[in-house]
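Model the full assembly from the supplied sequences, consistent with the hints where possible.
Protein sequence lines correspond, in order, to chains A and B.
Take the first sequence: its position 94, counting from 1, is numbered 94 in full-length UniProt numbering, and each next residue is one higher.
Take the second sequence: its position 274, counting from 1, is numbered 274 in full-length UniProt numbering, and each next residue is one higher.
Simulated from the structure, these hints should not be mistaken for lab results.
Treat the hints with care, since some could be wrong.
The list treats identical chains as interchangeable, and a pair is accepted whether it falls inside one copy or across any two copies.
Quick list of in silico lysine-lysine cross-link-like pairs, BS3-like style, CA-CA up to 30 Å [what the hints assert, rightly or not]:
1. K263 with K232
2. K107 with K263
3. K64 with K132
4. K66 with K294
5. K294 with K88
6. K197 with K64
7. K238 with K132
8. K295 with K125
9. K259 with K107
10. K132 with K290
11. K295 with K197
12. K197 with K290
13. K232 with K288
14. K66 with K107
15. K290 with K259
16. K263 with K116
17. K295 with K88
18. K88 with K263
19. K292 with K88
20. K69 with K294
21. K88 with K288
22. K238 with K64
23. K133 with K292
There are 2 protein chains.
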Amino acid sequence: MITRQELEQVHQRILPHIHRTPVLTSHLINEISGSDLYFKCENFQRMGAFKMRGAANAILNLSKDKQRKGVVTHSSGNFAQAISLAAKSLGVPAYIVMPSSAPEVKKAAVRTYGGKITECPPNLKDREDTAKKIMEETGATFLHPSNDLDVIYGQGTAAIELLEEQPELEYIITPVGGGGLLAGTALAIKHFGIKCKSIGAEPFEADDAYRSLKNGKIETNTSTNTIADGLKTQLGDKNFPLIQELVQEIIRVEESEIKQAMKLIWERMKIIVEPSSAVALAAVLREKEKFKGKKTGIIISGGNVDLRNLPF
Amino acid sequence: MITRQELEQVHQRILPHIHRTPVLTSHLINEISGSDLYFKCENFQRMGAFKMRGAANAILNLSKDKQRKGVVTHSSGNFAQAISLAAKSLGVPAYIVMPSSAPEVKKAAVRTYGGKITECPPNLKDREDTAKKIMEETGATFLHPSNDLDVIYGQGTAAIELLEEQPELEYIITPVGGGGLLAGTALAIKHFGIKCKSIGAEPFEADDAYRSLKNGKIETNTSTNTIADGLKTQLGDKNFPLIQELVQEIIRVEESEIKQAMKLIWERMKIIVEPSSAVALAAVLREKEKFKGKKTGIIISGGNVDLRNLPF
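Given below as structure tokens:
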């Protein structure tokens, strides 16, 4: 397992390429929750999500030769933007495989950040085949959005910063989708927390992580009918063992609770957060007794939403 | 004119009752504008707008006897909420005269903050008569949203904080509606700026301040067909002389420019701002040459918007 010193080095390495995001609080949400909440605002991160951290670390860790040949990923979400922007900052080519069905706004964002898009039919097999073909042609390195140790370590640096500002935190809650943020946060808590525990939050509609922990093996989602579109993916063999060892609990929340928490953050904190980000606050509001009077950190994972399609 | 020391005292007096709001920056908006912008986020202020500052100062400056009898204002916007919350924090009764046509959401906000609403027909004469009647019955003191020196001084404290963090600012731009924020900011710049100038920004559709400065007398708006609903009011005899003496310029912007600037702030900074707040950034984007390479402060005045009725 990565040491505290190595995790500190990860943080130092990516610092020039990321924002140190602010930690916000809200009197009113504290009143409503009965808790003492600290929101680490990764929605203010470069390209609008924590994924910038892991992407930067993974690319920085490649050899100069590998960097020259570039990186490839298949994603239609935040990781595609993160890889594009991190690669651009470092002068590395970024090849992004996107399903032809991806919204134009997401393609445009990747293009803005300098990613080279290859479109493919919208299914996993075609995405993987297309990525493989690019790797063969260019020698580019494949980077996975959540099941890659360098990515996981990078994601953990948000919690390092949060614990530097609030060392007395008793919990840090993150949303869990592919498991990269949760595993990285749990590692950061292990090394930088004093009395802090790691908790994951996910929708009932995509509760693979909850079932994976319960059953001791990686479970999949049969349906993913959730507004939290960043949390539909499943855990991987790199992050699941870390989550098993270091995470105390996964709290599941209803869709209505996610929408309510999201509206509360928008209306009261005046910040724009993705539905996935609201899942962590929804967990606090659902389990009020557990968090009553506790200092609790919440990682606001991102703020990339379609403003013309809001759930309220 | 108020001295630097007196203005410092105002700031110290209200500090326990307000948030010290963060100053945010955006690489991308700096790139787009060619300027070096510092956004003072009063949308994160208590009740969501800078008006909290002036309201707190005005109530704190009343004698204990006057405080006991309460305060009254007629407003359907942020000042009603600010007076209600500031009065509640200080244990002072707040009487708010609102037009019967005011949206239920605004009435609800005033009630949440403890204001006692009296409804009246939606015209200025009835609002003033109703306020007068309440003053006679209760002995409450009338507070004007923008044409009151204590309110003006309170509003200026946002710029004091901004200049403490960024003493080298060359401009601070604020939206101008009733003139309280602009006059207060200009005073703060005079006493706390090193080489800073005060600029106002307003819609062409409500350009009374621009015409007032040009013609040397307080002008009114004949039409106010603007999305910036906080900027439809006119200057008053207390703030106009300060604006005349201390403000360098009023920049006017088109409605399309306001919407574009608002969208840019929402999408790129991930913060929720009112249309009125976006007017200041719209001014920078309209007059790029003027602000090119300059360190410029922007007061984001507030973040109270109806999320179900966005202009984009």
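Each hint, compared with the structure:
no., hint, result
1, K263 with K232, "both (21 Å within a copy, 28 Å between copies)"
2, K107 with K263, "both (27 Å within a copy, 19 Å between copies)"
3, K64 with K132, "within (21 Å within a copy, 76 Å between copies)"
4, K66 with K294, "neither (46 Å within a copy, 40 Å between copies)"
5, K294 with K88, "between (41 Å within a copy, 27 Å between copies)"
6, K197 with K64, "neither (38 Å within a copy, 48 Å between copies)"
7, K238 with K132, "within (21 Å within a copy, 71 Å between copies)"
8, K295 with K125, "neither (44 Å within a copy, 51 Å between copies)"
9, K259 with K107, "both (26 Å within a copy, 24 Å between copies)"
10, K132 with K290, "neither (46 Å within a copy, 51 Å between copies)"
11, K295 with K197, "within (11 Å within a copy, 43 Å between copies)"
12, K197 with K290, "within (12 Å within a copy, 52 Å between copies)"
13, K232 with K288, "within (25 Å within a copy, 43 Å between copies)"
14, K66 with K107, "within (25 Å within a copy, 61 Å between copies)"
15, K290 with K259, "within (21 Å within a copy, 43 Å between copies)"
16, K263 with K116, "between (35 Å within a copy, 26 Å between copies)"
17, K295 with K88, "between (38 Å within a copy, 27 Å between copies)"
18, K88 with K263, "between (34 Å within a copy, 25 Å between copies)"
19, K292 with K88, "between (44 Å within a copy, 25 Å between copies)"
20, K69 with K294, "neither (48 Å within a copy, 39 Å between copies)"
21, K88 with K288, "between (43 Å within a copy, 27 Å between copies)"
22, K238 with K64, "within (25 Å within a copy, 65 Å between copies)"
23, K133 with K292, "neither (52 Å within a copy, 46 Å between copies)"
Of the numbered hints listed earlier, those contradicted by the structure are 4, 6, 8, 10, 20, 23.
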